[in-house]
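Chemist: Input sequences plus hints: build the corresponding full structure.
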Amino acid sequence: MPNPLIHVGFEIPFDQIEAAHVEPAIDELLTKARSAVDEIVTNDAPRSYANTLLAVEQATEMLERASTVVGHLESVASSEELRTAYNATHPKVSAFWSELAMNDGLYQAIVAFAQTEEAAALPATEKRFLKKTLDDFRRHGAELGPEDKAKLREIEIELTKLTTKFSQNVLDETNAFELLISDESKLAGLPESAKQAAAQNARSKGLGGWRFTLHAPSMIPVLTYLDDASIREQVWRAYNTRAVSGERDNREVIARVLELRRAKAELLGYADFSDLVTEDRMAKAGAKAKAFIDDLRQRTEEAFRRENRALEAFRKELEGGATRALEPWDIAYYSEKQRQAKYDFNEEELRPYFPLDRVLDGLFATAQALYEIEIVEREAKVWDPDVKSFAIHDRDGTMIAAFYVDLFPRENKRGGAWMNSLISAAYREGQPVAQLGLFCANVNPPVGEKPALLTHREVETLFHEFGHLLHHCLSRVSVRSLAGTNVAWDFVELPSQIMENWCWERSGLDLFAAHYETGERIPDALYEKMIRARTYRAANAQMRQLGFSAVDLALHRDYEPARDGEVMAYARAIIEAHSATTLPDDYAMLAGFGHVFAHPTGYASGYYSYKWAEVLDADAFTRFKREGITNPEVGRAFREAILSKGNSEEAEKLYEDFMGRGPELDPLLERTGLA
Numbered sequence: 000m001p002n003p004l005i006h007v008g009f010e011i012p013f014d015q016i017e018a019a020h021v022e023p024a025i026d027e028l029l030t031k032a033r034s035a036v037d038e039i040v041t042n043d044a045p046r047s048y049a050n051t052l053l054a055v056e057q058a059t060e061m062l063e064r065a066s067t068v069v070g071h072l073e074s075v076a077s078s079e080e081l082r083t084a085y086n087a088t089h090p091k092v093s094a095f096w097s098e099l100a101m102n103d104g105l106y107q108a109i110v111a112f113a114q115t116e117e118a119a120a121l122p123a124t125e126k127r128f129l130k131k132t133l134d135d136f137r138r139h140g141a142e143l144g145p146e147d148k149a150k151l152r153e154i155e156i157e158l159t160k161l162t163t164k165f166s167q168n169v170l171d172e173t174n175a176f177e178l179l180i181s182d183e184s185k186l187a188g189l190p191e192s193a194k195q196a197a198a199q200n201a202r203s204k205g206l207g208g209w210r211f212t213l214h215a216p217s218m219i220p221v222l223t224y225l226d227d228a229s230i231r232e233q234v235w236r237a238y239n240t241r242a243v244s245g246e247r248d249n250r251e252v253i254a255r256v257l258e259l260r261r262a263k264a265e266l267l268g269y270a271d272f273s274d275l276v277t278e279d280r281m282a283k284a285g286a287k288a289k290a291f292i293d294d295l296r297q298r299t300e301e302a303f304r305r306e307n308r309a310l311e312a313f314r315k316e317l318e319g320g321a322t323r324a325l326e327p328w329d330i331a332y333y334s335e336k337q338r339q340a341k342y343d344f345n346e347e348e349l350r351p352y353f354p355l356d357r358v359l360d361g362l363f364a365t366a367q368a369l370y371e372i373e374i375v376e377r378e379a380k381v382w383d384p385d386v387k388s389f390a391i392h393d394r395d396g397t398m399i400a401a402f403y404v405d406l407f408p409r410e411n412k413r414g415g416a417w418m419n420s421l422i423s424a425a426y427r428e429g430q431p432v433a434q435l436g437l438f439c440a441n442v443n444p445p446v447g448e449k450p451a452l453l454t455h456r457e458v459e460t461l462f463h464e465f466g467h468l469l470h471h472c473l474s475r476v477s478v479r480s481l482a483g484t485n486v487a488w489d490f491v492e493l494p495s496q497i498m499e500n501w502c503w504e505r506s507g508l509d510l511f512a513a514h515y516e517t518g519e520r521i522p523d524a525l526y527e528k529m530i531r532a533r534t535y536r537a538a539n540a541q542m543r544q545l546g547f548s549a550v551d552l553a554l555h556r557d558y559e560p561a562r563d564g565e566v567m568a569y570a571r572a573i574i575e576a577h578s579a580t581t582l583p584d585d586y587a588m589l590a591g592f593g594h595v596f597a598h599p600t601g602y603a604s605g606y607y608s609y610k611w612a613e614v615l616d617a618d619a620f621t622r623f624k625r626e627g628i629t630n631p632e633v634g635r636a637f638r639e640a641i642l643s644k645g646n647s648e649e650a651e652k653l654y655e656d657f658m659g660r661g662p663e664l665d666p667l668l669e670r671t672g673l674a
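Under numbering that gives the first Met the number 0, think of the first position of the sequence shown as 0, with each following residue one higher.
Hints listed in this document are in silico derivations from the structure and should not be mistaken for laboratory results.
Distance ranges between label pairs, derived from CB positions: (1) Gly207 / Glu410: 18 to 26 Å; (2) Gly518 / His392: 25 to 33 Å; (3) Asp393 / Glu326: 51 to 59 Å; (4) Met398 / Arg543: 40 to 48 Å.
Small disclaimer: the values here were computed from a predicted structure and weren't measured.
Virtual Cβ for every residue (Gly too), placed ideally from N, Cα, C.
Modeler: Structure (C-alpha cells):
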C-alpha cells in the first residue's frame, strides 16, 4: 500500500495512517521540497511570479499538509510509536523552515523578482504577499552573516525540541493523575452530572467508585461544587504543580526557552522577543501591548478589589464570623455559592437545555442563517469512532469546505479546545478550491441513556472554535499563505470570540437550547437570572486573563535571571498580583502554560491578543445588535469584510471596512459591567 502521507489530498485516509508511515513520508517530502527550492534558486529564466513566489508556495505545500496531519494525530491519537516518529521528524521539518527562511539564494531570487515590472504591476493581494514574504525573510535572518545564520538555525531547532518536550510533559503529567473516591459521602455538593461522569470514568478503567482527573470536565465541577475543601485542595494543587519534578520537570525547559528566544531577538536586531513578535501584528510593538494590558488593569483594579471584599464578607456570613483566609481552591467554590445566593442561579440548571447534538445543530443553524451556507454531515475516514465530518455548501450549492468534529476526552488526546486547518488550498488556476479543517474540544460524553449535556461555558467554547473554523472555511484569498486564519495574531481571535455572543442572546439560544427530555426552551426566569449573573465577578475573570498576559510579556520583555531570580517565583509574583488570594510557594502554573511554551512561538508575547480581540469582538457585535443578530445582510458584510479576506489586507483596514471606523473600548467595559 502506498504511504498515505506522501500525497495528502482532500479525503485524508485517517484510518490507514500509521506511525510507521511518518518518518519515510516526511523524509521523502523534505527531499522533494529541498529539490524544488534548489530548482527555483538555480532557474536562469527571467524572474516572474510563477517561477519564484508561486513556485515556493507549491514547493512546500505537500510537506506542510503531511506535517500538519502528523502533528494533528499526535494531539488526538497519540501513541508511543507515533510520539517517537513525531519527535524524530518535527525537528527536521522545523530545520527545513529555518533553512528556507535563511536561504540566501532564494531571498536574492525574490529580491530580483521584486525589482521587475511584473512585480510592480501585481494585483493587490499578490503584491502584499511579496512584501510580507520579504519582511518574513528579514525577520527570519535572511540578511544575517553565515555565522549568525548558523546560530539562528541552532536556536530554532532547539526551540522546536524543547517546546515539543514541554507539551508532552504536560500531557503525561495530566494523564498521570487520578483521584479515586469510594466513599460517596465525600462527594457532597457535587452535581449529579459530575458524579455520573466520574462513575463512568471509573468503570471504563475497570474500577469501582468515582474517578476524577485533571481534564477540565472532571476537574472544574470538583473545584466549583465539592464541599470537601481537602479534596478541592488536592485537585487544585495537582493541577497547578504539574511538570515540576522528575523526568517531566518543565522548569529548566522554560528557562532555556526564554534564553533562546532572547538570543533570537538579539541576533535579529530587536530589543526583546516581544518586539520581534508584535512587529507584524496590530500592536506593532511590545510596549504598546504592555500599555494596553496596563490600561485595562487600571480600569479593572477597583472593581476587582471590591468583588474580593464582597466574597470574603459573604463567606464569613455564610460560615458564622471569622474564618481562615480564602485559599485558591476556595475561590470557585465560594464564588459559585455567592452567585447562587445573589442571583438564585446555578450553572447546572442550564445543563439539561444543552444536549450536545442540539447545540451542534444550533451552532450550524446560526452560521447558516448569518452566512447563507448549508452544513451537512458527510462520510469520511476518521481517527476515532466518535469523530464526525461535515461539508459546507455555499448559497449556489458549491461545496466550499469540509471539517471534522472531535469532542470527547481520551487519554491519547490533549486537553482543551482548538481549531486546526488541514488544507488551505485557496485557488488553483484562478478557481477557488475547497478548504479542510477541524475543531476539537473535551466535553463529558453521554452517560447511560442520557445525551451529553453541556455547561454554558462549554457551549461558548464550541461556538468559539467554530468561529475560527469559519474564518478558515469561508476564506477566499488567491494566495494560500495569506488565506484563512493566517492573520495578525491579535486579530485572529475576532472571528472566534464574536461567535460567543450568540450564546447570550435570547433569539440565538432559541435556535438550539431546549430541554433534552421535554423540548422546552430555557424559561424566561432562568434566562434572566443567567443574564444578570453574566457580569458576576467579571473583574476577577478579566484580571486572570490580564495576569497571564502580564506574565507572558514580562518574561519576554523584562525578565533577567541574574537579577530577577528563579523563573517560577518571578512568574508567581506577577500572577499573584492579579489573583484573589495569595498563592502557595509551590504554585507552578507556568510549567503547564502551553499557550506560551508548547510551540516555538505560539502565544509567546501574544497572550494579550485574547483581550485585544475581546475589544474588537464586543465593539463589532454592536453592529449585529443594532441591525439584527441573524440579519443576513450584516452576516454577509462580516463574511465579506473579515471572514473571506484572510490576511489579504491590513487587519485595521478590514475592521474599518466592517464597522466604518476603528475599534472602541467602551463596548467591552459595558458588556462586562466595568464601564
